[in-house]
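K.L.:
The primary structure of each chain is shown beneath.
2 protein chains.
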Amino acid sequence: MLSTGEMGALATPRTVAVVGASRDETKLSGKTVAYLRRFGFSGRIIPVSRSAGVVAGIPTVPALTASDGVELAILAVPADHVADQLEMCRTAGVTATVVFAGGFGELGERGAANEAALRGIPGIGVGGMRVVGPNCLGFVHPETGVMATFGSVLDDFEPAPGNAALVTRSGGFGSGVLGAANAAGLGCSWWVSTGNEFDVTLAEMLESLVEQDDVERLLVCSEGLTAGDAFVRAARRAQQLSKPIVMLDTGRSTHGARAAASHTGTAAGQHRVFESIADELGVIRVRSLQSLLDAGRALAAHPHGARAGATIVTVSGGSGVLAADASADAGLALASWDAPWRERLARGLPPLASTANPVDVTATSDSRAFEHAVRTAASHPDTGVIVALLANRRRDEAERVKILTEAQAASDTPIVVSWVGASAGLESQLAAAHVPAFPDPTRAVDAAAVLVTAGALAALGERDDAEAHSHAIDRRRELAAAQALADRSRWVPRADGSLLLTDEASRELLAAYGVTTPHERTVDNAAEALRAAELLGYPVVLKARSTELLHRSAAGLVRTGISNGDELRSAIDALRGLSSGRLGRGGLVVQQQVGAGCELLAGITRDPAFGTVMLIASGGVLTELIDDGMALLPPASPSHAERVAAELRAVRHPLDSSTSAAAIASSAAETLAAISRLAADCRDIVAEADFNPLIVSPDGTGRLIATAVDWVVLGDPAATG
Amino acid sequence: MLSTGEMGALATPRTVAVVGASRDETKLSGKTVAYLRRFGFSGRIIPVSRSAGVVAGIPTVPALTASDGVELAILAVPADHVADQLEMCRTAGVTATVVFAGGFGELGERGAANEAALRGIPGIGVGGMRVVGPNCLGFVHPETGVMATFGSVLDDFEPAPGNAALVTRSGGFGSGVLGAANAAGLGCSWWVSTGNEFDVTLAEMLESLVEQDDVERLLVCSEGLTAGDAFVRAARRAQQLSKPIVMLDTGRSTHGARAAASHTGTAAGQHRVFESIADELGVIRVRSLQSLLDAGRALAAHPHGARAGATIVTVSGGSGVLAADASADAGLALASWDAPWRERLARGLPPLASTANPVDVTATSDSRAFEHAVRTAASHPDTGVIVALLANRRRDEAERVKILTEAQAASDTPIVVSWVGASAGLESQLAAAHVPAFPDPTRAVDAAAVLVTAGALAALGERDDAEAHSHAIDRRRELAAAQALADRSRWVPRADGSLLLTDEASRELLAAYGVTTPHERTVDNAAEALRAAELLGYPVVLKARSTELLHRSAAGLVRTGISNGDELRSAIDALRGLSSGRLGRGGLVVQQQVGAGCELLAGITRDPAFGTVMLIASGGVLTELIDDGMALLPPASPSHAERVAAELRAVRHPLDSSTSAAAIASSAAETLAAISRLAADCRDIVAEADFNPLIVSPDGTGRLIATAVDWVVLGDPAATG
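Order-wise, the sequence lines are chains A and B.
Heads up: the first sequence at position 382 corresponds to 382 in UniProt numbering, and the numbers run straight through without jumps.
Heads up: the second sequence at position 583 corresponds to 583 in UniProt numbering, and the numbers run straight through without jumps.
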């Protein structure tokens, strides 16, 4: 996070230097000084140039010195001059800098020399001089006139006032978004483009902006994400402060592709890690620029969002049906109207009207009926947001606008409008009265859904705070077991150089975290196996151990449902037939058979952005078939794990229909939370792990318990002693 | 379908009567005559009124007679006068009528009297007088000035000329859509609202409009669908004529809910029937009004759509990533660029540009580079459509517009533009040059995807024609088997009154259609069972027959993998324990065990709109878990069945990884096609059926074959003798 001083250097600098300033305002290097002056920056501007002499009436200096007292330096110089000029800034005690030039790491080899020069400068980063960019369009903070950009978008308009921070990585697209936001009447207090993120990352910028008083919501465009930890902190802080983050979720088709390199990737891969974590943190993901701007407009009108429960009021059945579909798509629950409330509604509506939700006042009704429906919905206790659908009807347009604006002024329940075929200017007229309006029912519904998600933000934070550490757990034992993994003897080296945790060590680790595993015996021959089976009780499972074939079931190394000695003997023969070198170091294990149940996968993987994350998915043979994995930030609370597990298809549709989904999710919750603590505690040592299947089935007394039946735990060779 | 004469009565009537015409143009009943005159209807207008005297300068008549020669009568009378006036029209030999009034079946009991009066009129419908409505806003056909509506939307604008037919069920919403279409510059040759569909259904209207010379594409809004057969005919004809149908797919959240009442509903339900059939027929489904209008605009510019393979040309990496994501979402494949073509591209681009697709010419490049990229993409043989992404840059806007319009004029490859933050008027300027432009990359990509789907329409029709009946099949045997089902003795009555086809009859039926079933023997006692098992060879399956418990596996009536006599005996004991009355008429069956394989479900169900349809889904225990059923119109060609099967999750992720998805789909194709013929042939007799699982597994020689292992065939009691 940028310090208060660093953010102050961006927002309210007393002295700004523009390095490489040109007199020619049509050139990129000539724009910044012109913008600073045009948009009313009231501090001192120092143009730095060896040749320009005077820029915009201000004499230039050839170089900066400490006595200049520059807080913010904006570098409008070519890539091969950036390192020298940054070094000059640092020596002159500049707090923060913005570097526009492209031509660094983003070009690969062609930018290598410039990148190396950049990396060669000492004292940049946290505790030193901060750098935004390079390869960015800088930032603007209109309130103080700090237009630290060369983006020609500022030639086109005066940024509208507002309280959104618009943060983009890409400069070119970002300036387009700023323009489009402005055209949509969406005012921004900040626009920042972070470019290559040599120092300040987009996530760090979010973390800093969320603390600013003039930021009430953050609109973000980022293809891919680095600094996941800063992103998580930013999102958690945004939760606490009820400042919604809306994110245009680009890079989805490549996002997470690296995470998929883990062999658990099929369950989790494909951007799933980012998606699940964003959802966990209450970050609102949207899929198009238009949706981002629509969300921004809705939140500008209603910064605290809305309570759940939408009531659709329509003047036509057709658009009501469309909006109901769109609500289902957007996950926006419709409010229930009980009989007394429906009667109250009916009293002001024509006989043909429908008082079900969608409330259809019919096309031929007068304005009074429409007003009655909107006003009644606004006072209806289970309605958190109203979606009003209108079309054409230009003759009584003014009357309808008046109804909507007065109803909104009189009520805390947000009203979102779709007006198909509205006159020009009508949307901004409604927006001025805090009634966001759109030309399409689907967009109105999506905006209402954003309001409800935003409205739940604060509750999300509270819920997770309340339940943290609510369970009695022997953390000393858990941490000791995690630390014990540093002991190299617990790991078996594999042919590819990775390390596999031994079965014994895995069982010890799981036991310390309170995860149930079936009883088992390692055996060397058939006689031992038979004795073990008698001891454990049939049916049993026979497994061949293998350090090389990690997916034992798929490799045919697991025989289940062995019900007597004959079957066990033939299973041993079969497995021995396989053990021809491919298995690596092995042996046989006889394991108690766990009864059939709901099979889950719990996994641990390292995400390039978020570091160690936990995965939960439908397990066993279903993992690849269903591919419904979700990621959690470890450690997860049991109730969060339960919520995630309850979404899995294997849980929602248990093969044994006598077991309820809720019972399965609840029974698995403590075990999943334990594995998430394990993931957090072992994040340095465990590179990845699969506990699959984790079977939730009734124990002897009929109580559902989760048992880890098979597992693979791979270590980070760099971290084990 | 409306006859040529009936469509002529709508499009080019010589004489139009307006029944219930009022002098007061502000009243609904006063609008139609005014519209007819204002929009230049050149035929004769007869206002019918007992009181008005003169309407718009035309003397009224109290009633119509045959000598008036009225082809089209527009009824602007209240609901309780409709029946009388329709009867008058019929007597006067009117060809077609439009009824505006609401107050019929849509009100349930409150409209019952009016509805009954309507139903009491003889001679309405095919072969008689046609009725559009009631409860509709009528239709408009601007070219001939036939504005048969009271929709005040016509007060607001002059409809733009064009070749789209806009067909909606809802009047109020529909007129909003017409207004919005007009505002978007989308011209319509027809707008029809079909209302209650007392006579003319929306589907029939589509079937009629698709034949009109002034209709090149159809844009449809309908919540729910009736007359599925007419819809299928309309869509097939649209295919042949390469006239795309784009459908705003509303009512999705209830659509198909009735189909889900079938016990195979889980696999097929939830609107899946409509969706799969629409996809099969090449109907383009969209989810929002905006997408409908965007599709209409794109198709207006490029009526024949585009070839597959999109190339994205962008001035900013950020929007390129967004567009790539949107392409993946929309199923729009990106074109591949090989090395020689990438070099050719690179020659005109700055060094920082990316020649991968998305082609990023970079924000700092000049117009020449952009032009080079667009022109090169237009000549690139694997590029079927270009998506050009621009933002702001108002200074060289005119230059970019010129580049795009000239490139489009010089090439058949459609160019679709996203211009974020464009100046007002720029979109219509580009549209005039056949370059559809949108303010959002996602919308541009979606529009390009619509073009590619539309471009494949003709090929879709050809493909299915070419392969029809390409396989040698004994149709006489099949039809005889289907007819034999009329024999009541093949059916067992169930407690709920439905009829279950006996196992023997089911096997005969399947055999006639060439569907493989396992050998089996019906047995009465353990001794018989043991003999049967010896004969069939272990392993065997033991099943208890039941006329009441149809899902035998779920009910525990199936024991698989029985490998010897002891196991068989204990299985018999176990099943006998269950057979306590709940089973109905039953018995035991010993069946050959089919080897493990990919399990599919083939089903037959009756859809309220489409009648008998076939379902294909992942089968066995996966049916409910995965819920990926798709519907086909029977009979389906083997290659269509293969394409559908190849989409199933159970096929795409076979549990036995040594089998390829393509091999499974191909092996199942003939069997699925056979079951679809069975569905078609037995559509009157079979109410629903499940063949589940249909196991695709290797036979003795290793060849994959599909075997129907278990089934339920329920008859329509009304249709069996």
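Since the hints were derived computationally from the structure, they do not count as laboratory data.
It is possible that part of the hints are untrue.
Same chains, same label: a pair holds when it works inside one copy or across any pair of copies.
List of simulated lysine to aspartate or glutamate pairs, EDC-like, C-alpha gap at most 16 Å [said to hold, decoys possible]: (1) K27 x D396; (2) K27 x D155; (3) K27 x D366; (4) K402 x D366; (5) K402 x E158.
K.L.:
Does each hint fit the structure? Answer for all of them.
P.N.:
Do the hints match the structure? See the list:
no. : hint        : result
1   : K27 x D396  : between (51 Å within a copy, 14 Å between copies)
2   : K27 x D155  : within (13 Å within a copy, 51 Å between copies)
3   : K27 x D366  : between (58 Å within a copy, 13 Å between copies)
4   : K402 x D366 : within (14 Å within a copy, 49 Å between copies)
5   : K402 x E158 : neither (29 Å within a copy, 28 Å between copies)
In summary, the one numbered hint that this structure violates is 5.
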